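Peer 1: Which chain is which? The protein sequence lines are C and D, in order.
Here the first sequence is numbered in the working numbering, starting from 1 and rising by one per residue.
Here the second sequence is numbered in the working numbering, starting from 1 and rising by one per residue.
Take these hints with a grain of salt, some might be off.
Identical copies go unnamed one by one, so any copy, or any two together, can satisfy a pair.
As the list claims (entries may be wrong) - Each computed SDA-like pair below joins lysine to any residue, with the alpha-carbon atoms no more than 25 Å apart:
1. Lys312 to Gln324
2. Lys219 to Lys256
3. Lys174 to Leu216
4. Lys261 to Asn28
5. Lys78 to Glu334
6. Lys57 to Gly173
7. Lys219 to Pro156
Everything labelled a hint here was simulated from the structure, so no lab data went into it.
Predicted model, so just to flag it, every value in this text is computed and none were measured.
Protein chains: 2
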Amino acid sequence: MKFKEIVLTGDRPTGPLHLGHYVGSLLNRIALQDEYEQYIMIADLQALTDNADNPVKVRDNVIEVMLDYLSVGIDPLKTTIFVQSMIPEIAELTILYLNLVTVNRLQRNPTVKAEMQSKSYGESVPAGFLMYPVSQAADITIVKGTLVPVGEDQLPMIEQTNELVRSFNRTYGKDIFPETKALASKVGRLPGLDGKAKMGKSLGNAIFLSDDEQTLKKKVMSMFTDPGHLRVEDPGQVEGNMVFEYLDVFDTNKVKVAELKHQYRQGGLGDVKLKMYLFEVLNELLTPIRTKRAELAKNREAVLQILLSGTKKVRKVAMETMNQVRDVMHLNYE
Amino acid sequence: MKFKEIVLTGDRPTGPLHLGHYVGSLLNRIALQDEYEQYIMIADLQALTDNADNPVKVRDNVIEVMLDYLSVGIDPLKTTIFVQSMIPEIAELTILYLNLVTVNRLQRNPTVKAEMQSKSYGESVPAGFLMYPVSQAADITIVKGTLVPVGEDQLPMIEQTNELVRSFNRTYGKDIFPETKALASKVGRLPGLDGKAKMGKSLGNAIFLSDDEQTLKKKVMSMFTDPGHLRVEDPGQVEGNMVFEYLDVFDTNKVKVAELKHQYRQGGLGDVKLKMYLFEVLNELLTPIRTKRAELAKNREAVLQILLSGTKKVRKVAMETMNQVRDVMHLNYE
Numbered sequence: 001m002k003f004k005e006i007v008l009t010g011d012r013p014t015g016p017l018h019l020g021h022y023v024g025s026l027l028n029r030i031a032l033q034d035e036y037e038q039y040i041m042i043a044d045l046q047a048l049t050d051n052a053d054n055p056v057k058v059r060d061n062v063i064e065v066m067l068d069y070l071s072v073g074i075d076p077l078k079t080t081i082f083v084q085s086m087i088p089e090i091a092e093l094t095i096l097y098l099n100l101v102t103v104n105r106l107q108r109n110p111t112v113k114a115e116m117q118s119k120s121y122g123e124s125v126p127a128g129f130l131m132y133p134v135s136q137a138a139d140i141t142i143v144k145g146t147l148v149p150v151g152e153d154q155l156p157m158i159e160q161t162n163e164l165v166r167s168f169n170r171t172y173g174k175d176i177f178p179e180t181k182a183l184a185s186k187v188g189r190l191p192g193l194d195g196k197a198k199m200g201k202s203l204g205n206a207i208f209l210s211d212d213e214q215t216l217k218k219k220v221m222s223m224f225t226d227p228g229h230l231r232v233e234d235p236g237q238v239e240g241n242m243v244f245e246y247l248d249v250f251d252t253n254k255v256k257v258a259e260l261k262h263q264y265r266q267g268g269l270g271d272v273k274l275k276m277y278l279f280e281v282l283n284e285l286l287t288p289i290r291t292k293r294a295e296l297a298k299n300r301e302a303v304l305q306i307l308l309s310g311t312k313k314v315r316k317v318a319m320e321t322m323n324q325v326r327d328v329m330h331l332n333y334e
Numbered sequence: 001m002k003f004k005e006i007v008l009t010g011d012r013p014t015g016p017l018h019l020g021h022y023v024g025s026l027l028n029r030i031a032l033q034d035e036y037e038q039y040i041m042i043a044d045l046q047a048l049t050d051n052a053d054n055p056v057k058v059r060d061n062v063i064e065v066m067l068d069y070l071s072v073g074i075d076p077l078k079t080t081i082f083v084q085s086m087i088p089e090i091a092e093l094t095i096l097y098l099n100l101v102t103v104n105r106l107q108r109n110p111t112v113k114a115e116m117q118s119k120s121y122g123e124s125v126p127a128g129f130l131m132y133p134v135s136q137a138a139d140i141t142i143v144k145g146t147l148v149p150v151g152e153d154q155l156p157m158i159e160q161t162n163e164l165v166r167s168f169n170r171t172y173g174k175d176i177f178p179e180t181k182a183l184a185s186k187v188g189r190l191p192g193l194d195g196k197a198k199m200g201k202s203l204g205n206a207i208f209l210s211d212d213e214q215t216l217k218k219k220v221m222s223m224f225t226d227p228g229h230l231r232v233e234d235p236g237q238v239e240g241n242m243v244f245e246y247l248d249v250f251d252t253n254k255v256k257v258a259e260l261k262h263q264y265r266q267g268g269l270g271d272v273k274l275k276m277y278l279f280e281v282l283n284e285l286l287t288p289i290r291t292k293r294a295e296l297a298k299n300r301e302a303v304l305q306i307l308l309s310g311t312k313k314v315r316k317v318a319m320e321t322m323n324q325v326r327d328v329m330h331l332n333y334e
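My request is simple: use the sequences and hints to build the entire structure.
Peer 2: Here it is as structure tokens:
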């Protein structure tokens, strides 16, 4: 069977999106939507695997994330955005896949292992959490996704998906599902304001796309620079200085950044002045996003309707896929 | 919340039903259908957890099992019979339940442990198999079942279901689901023809409800009696003699059975004569079932329609249950 390239990507709605998402995935999606058929899934059920006791947070963030998508320029006419829990076929396919993978194989998944450690579940790993690579395989294959933008730490998930695809196709004698390729993202991970390796929703080190101007300024002013750079006239260090890290990523005026680095290294450029400059760069980027977001937020019902309409479209695709699955598995009673 | 008593029971469609099912569950269901609202689920998806590579067997036996049900007197006007795979809400609920149970808890389930050993999976337990108590909890609770007829070895499954029910109701702050009670079946387990503790579909020691007269006779003639009872005039042993075990269960003429036992113990009653008597008893029981089955089997399409109609009814109930679940979990987007 010949499959066309289809991009599947998504986010867990556990908080609003931040600059790390912007450079790490959103920009990429804005480019991909012109090139490929693209689906973005808001993974509410996956968010519940470790937020089972906090469904309101998940629900609220579904719309926040939608607002983020639309305000950065993800175009619902080009990209189909949908919500996971409204596609029951994903649950059905997950259940079928669970028969094609062993418990041991799931426990050996490096991504799951690492995440289990970081969440310090100890002996009490929820079954749903162990299973989530299987659920992801169903997310991807229900729309016959062939391209999944992932970070390096997520490569084992792609491998797991392809193992299931091969096992399913082999067991039921027909190439229902395509194998999936990882689309490595072009930009590396954006570090947090505090200099930690990763900007994280819940780490308190993130600039959210929805932050207002004042919050943005406050956050930029709190950024980790060079702790040895005490007086304006002191020479400062550029390496490991978050302000320069961000300027490298966000300032399109590379000559200006080079000048600032030179000046900072020499001494004579104070952190406050430098940060004000970064603030301006970021504010220029974020102002139109913020404006559009505020506009969209006035009519949340309309935003929900966009999500529901995308979901309806995916439901059709998913039902078609499940019909094929039922056919080869002899589960087609009607 | 006050819940009415609802019986949920079912079978895995991995082979036609036999006399063990007849005395162990079918008779019970025929009685229960007059007393309670009763659902019988044909668990095709559960059958696939250890038959993933043989879906045709599962599919074929769905209709065989239906024929067995209808021919013994399960009345589709009183009992709702449905097929598991056509209720996607069960898969959806299973996925949600998986977040409320730990992997360790599932691995400690005594029923699953015993079955894993008997299937000698070793290190390669399919994830779907480990999860099946969760799936069963979804089967039961999707119709809000409160009474589940089980053997003693299945009590841990009921316990697992109630743990999930309590956890769900507590986590989402509303008593959506009732707890389930085990209905211990009145009759013990029917041993196999060979004297083994259990009559099993795949053990080669079963009399199927669909066996023809000749097969029945041949099977009865092969039954394990007293290996020391070589000549007609020898005294024979009644205990552990399968023919007497079966007569105790199936012959309503208890005086006659007592006489035969006496004669057998004294000597002078040959195995062939004794077995011919049991054959007649069983044949009298099975002839009307066989006749009805043959009649029904002429129109398999009509039998399928009965199943689909029951399934449609359950689908409505399941959708209503899932709507309540979506409400309390804030997954109600529409």
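Peer 1: Look at each hint and say if it fits the structure.
Peer 2: Hint check results:
1. Proximity of Lys312 to Gln324 under the C-alpha cut-off of 25 Å is found in both arrangements, the shortest distances being 19 Å within a copy and 21 Å between copies.
2. Only within a single protomer do Lys219 and Lys256 lie at most 25 Å apart by alpha-carbon distance; the minimum there is 22 Å, versus 93 Å between protomers.
3. For the homomeric pair Lys174 and Leu216, neither the shortest alpha-carbon distance inside one copy (53 Å) nor that between copies (41 Å) is at most 25 Å.
4. In this homomeric assembly, Lys261 and Asn28 never come within 25 Å of each other (Cα to Cα): the closest approach is 28 Å inside a single copy and 84 Å across copies.
5. Taking the shortest alpha-carbon separations for Lys78 and Glu334, only the inter-copy value of 23 Å comes in at or below 25 Å, while the best intra-copy value is 35 Å.
6. Taking the shortest Cα distances, Lys57 and Gly173 sit within 25 Å of each other only across copies (15 Å), while inside one copy they are farther apart (43 Å).
7. In this assembly of identical chains, the alpha carbons of Lys219 and Pro156 never lie at most 25 Å apart, being 35 Å within a copy and 54 Å across copies at closest.
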